[in-house]
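Visitor: Sequence:
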Amino acid sequence: MKFTVNRPAFCEALKTVTNVGKSSLLTRISGIYLYADASKRILELIGTDVITSVVKRIRDVDISMSGEIILSPIVLEILRKTKEESVTLETDENGALGLSFGSARYLLVTKPVNEFPKSELVFPSAYVSVSGLLPLLKHAAFAAETKGDKRELQGVTLKLTPGISTAEAMNQKRMASAVNRNAADGEIEMKLHISAVNILFSLLSADKTVYAGTADQRAVFVCGDTVFSTVMMNKTGPDMSSFVKRLVPEYCAVAGAKGLLNAIQTAAVCQLSGDDKCVNICFTPMGIRLSCAAYKRASSAFVATLCDNPTPDVGFNYDPRIIEDFLSLTTGNVSVKLDKKGFMLLESADGVYLVTPRNTVNIVKPKAKPEKTEKANKKTAKKTKKAA
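As numbered in the working numbering, the sequence shown has no gaps in its residue numbers, which increase by one up to the final residue, 415.
Treat the hints as calculated values from the structure; they're not laboratory data.
Note that the structure is a prediction, hence the values are computed from the model and not measured.
Note that CB positions come from ideal geometry on N, CA and C, so glycine has one too.
Certain hints may be false.
Calculated lysine to aspartate or glutamate pairs in the EDC-like style (CA-CA distance at most 16 Å, straight line) [claimed, not checked]:
(1) K29 <-> E120
(2) K186 <-> D266
(3) K304 <-> D346
(4) K368 <-> D340
(5) K285 <-> E374
(6) K145 <-> E95
(7) K304 <-> D352
(8) K186 <-> D212
(9) K200 <-> E179
(10) K392 <-> D303
(11) K235 <-> D252
(12) K110 <-> E39
(13) K323 <-> D302
(14) K138 <-> E95
(15) K218 <-> D243
(16) K29 <-> E117
(17) K272 <-> E374
(18) K200 <-> D346
Distance windows between CB atoms, simulated [unchecked claim]:
(19) N289 <-> G251: 37 to 43 Å
(20) N336 <-> T358: 23 to 29 Å
(21) Q199 <-> A331: 29 to 35 Å
(22) F150 <-> K272: 35 to 41 Å
(23) S152 <-> S66: 21 to 27 Å
(24) N121 <-> T236: 40 to 46 Å
(25) S152 <-> R178: 26 to 32 Å
(26) V258 <-> S127: 34 to 40 Å
(27) A131 <-> N289: 52 to 58 Å
(28) K200 <-> P393: 22 to 28 Å
(29) I191 <-> N121: 55 to 61 Å
(30) V341 <-> D176: 31 to 37 Å
(31) F228 <-> A153: 20 to 26 Å
Sequences are here, hints too, so could you generate the full structure?
Guide: This is the structure:
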């Protein structure tokens, strides 16, 4: 195999497929598969973990001899250190890889090609054109479970329609449903593992159109010369709408997302690292009162707004970080609704968010720092004397 390629374009392709390992929460497959097709003048690079593959193609490459090889990630590190415009890659009869650019030459040992778990990429027979996929996924994916054995909660359900498209995710403390209107030109539904969604984030941009489809239990996304393919999860578990229908709001208020976010952060300022993170929220006739407490510390904030029905004075308790996750991604006004048990529903133009209440804050006296022993005091005095 031998070819000469534009170095910046080659580095960008390597970076794209390497993101599979960096963004994945699953087992990373070491190395990058590369195939050079002299007849088509195309380089194809593939990065993968146990469920997801990313394919990047570079066209119009000067390929003298076709071939395939497994590249080490160190190739990208080497090529980043030069400013040469082009680089030549060539393999010898023993499978060693030679990198040449300018006056430099590197010789690298490679793995046998058959050690790479390359699967045949199956393309869908039909695609749905999607715009705004990145913000749609981001406004829901943060709520998914990322660890533990609750695999059914480690997914993001994507429903694309010509009308309202949604993305939903949940864990044991919250649920998020993001919406996007007129985002797609067709209908398709899939559930993606959060690890695959994290990889997809690194490939998407807010302004690019993506083509999505399904084939052989895999979801496929095509964006230019980049192809993303991942095994779909089973569509199990309840959806957001079933929970929202059962929630009967008892207390309601409307506030600016950023104002409410600032109030929560202000109220939580007294809670330091190691403290139990808890914010108490109470609706009053004049607004929303937020308060936090820790050992010998307390802080509060207030958001002026009209509340339909004041809550009991004891209010309800929540993990402030869970609420902040949603508000930090939201702009405009947010409708805050609580039921009698304290389940919170946040509604904005970007979607809806359900937060479960928690027990009251657990205030614990910090452990006292151990007093200096007589031996330690003597050492300190000795050091002070030397310094003098």
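Visitor: Please go over all the hints and tell whether each is borne out by the structure.
Guide: Evaluation of the provided hints:
For the proposed pair K29 and E120, the alpha carbon gap of about 12 Å is at most 16 Å, so the pair holds. For the hint pairing K186 with D266, the CA-to-CA distance comes to about 11 Å; that is within 16 Å, so the pair holds. At most 16 Å may separate the alpha-carbon atoms for a hinted pair to count; K304 and D346 meet this at roughly 6 Å. A hinted pair counts as satisfied when its Cα atoms are at most 16 Å apart, and K368 with D340 qualifies at roughly 14 Å.
For the proposed pair K285 and E374, the alpha carbon gap of about 14 Å is at most 16 Å, so the pair holds. Proximity of K145 to E95 is assessed by CA-CA distance (about 12 Å); at most 16 Å being required, the pair is judged to hold. Under the criterion of a C-alpha separation no larger than 16 Å, the hint pairing K304 with D352 is consistent with the structure, at around 14 Å. The suggested pairing of K186 with D212 holds, with an alpha-carbon distance near 12 Å, which does not exceed 16 Å.
Taking the CA atoms of K200 and E179, the gap is about 14 Å. The hint holds against a cut of 16 Å. Taken as a hint, the K392 and D303 pair is honoured in the structure, with Cα atoms around 11 Å apart against an allowance of 16 Å. Only pairs whose Cα atoms come within 16 Å are accepted, and K235 paired with D252 is accepted, the gap being roughly 13 Å. Taken as a hint, the K110 and E39 pair is honoured in the structure, with Cα atoms around 14 Å apart against an allowance of 16 Å.
In summary, the hint linking K323 to D302 is supported, as the alpha carbons are separated by about 12 Å, within the 16 Å threshold. Restraint check for K138 and E95: satisfied, since their Cα atoms lie roughly 11 Å apart, inside the 16 Å limit. A hinted pair counts as satisfied when its Cα atoms are at most 16 Å apart, and K218 with D243 qualifies at roughly 14 Å. A distance of roughly 4 Å separates the Cα atoms of K29 and E117; the hinted pair therefore holds under the 16 Å criterion.
Distance check on the hinted pair: K272 and E374 sit about 14 Å apart at the alpha-carbon level, within 16 Å; holds. With a CA separation close to 9 Å, the supplied pair K200 and D346 stays within the 16 Å bound. For N289 paired with G251, a C-beta distance near 39 Å keeps the hint of 37 to 43 Å intact. Against the hinted window of 23 to 29 Å, the Cβ-Cβ separation of N336 and T358 comes to about 27 Å, which satisfies the hint.
A beta carbon spacing of about 34 Å between Q199 and A331 agrees with the range 29 to 35 Å that was offered as a hint. Hint check: F150 to K272, Cβ distance near 38 Å, so the stated range 35 to 41 Å holds. Between S152 and S66 the Cβ separation comes to about 26 Å, which falls inside the hinted range of 21 to 27 Å. Judged by the Cβ atoms, the range 40 to 46 Å given for N121 and T236 holds: they are separated by roughly 45 Å.
Checking the proposed 26 to 32 Å range against S152 and R178 shows it holds: the Cβ atoms sit about 29 Å from each other. The given range of 34 to 40 Å is respected by V258 and S127, whose C-beta atoms sit roughly 39 Å from each other. Checked against the hint of 52 to 58 Å, the pair A131 and N289 passes, with Cβ atoms roughly 53 Å apart. Separated by about 26 Å at the C-beta atoms, K200 and P393 satisfy the suggested range of 22 to 28 Å.
Checking the proposed 55 to 61 Å range against I191 and N121 shows it holds: the Cβ atoms sit about 58 Å from each other. In this structure, V341 and D176 meet the distance hint of 31 to 37 Å, their C-beta atoms being roughly 35 Å apart. The hinted window of 20 to 26 Å between F228 and A153 holds, with their beta carbons roughly 25 Å apart.
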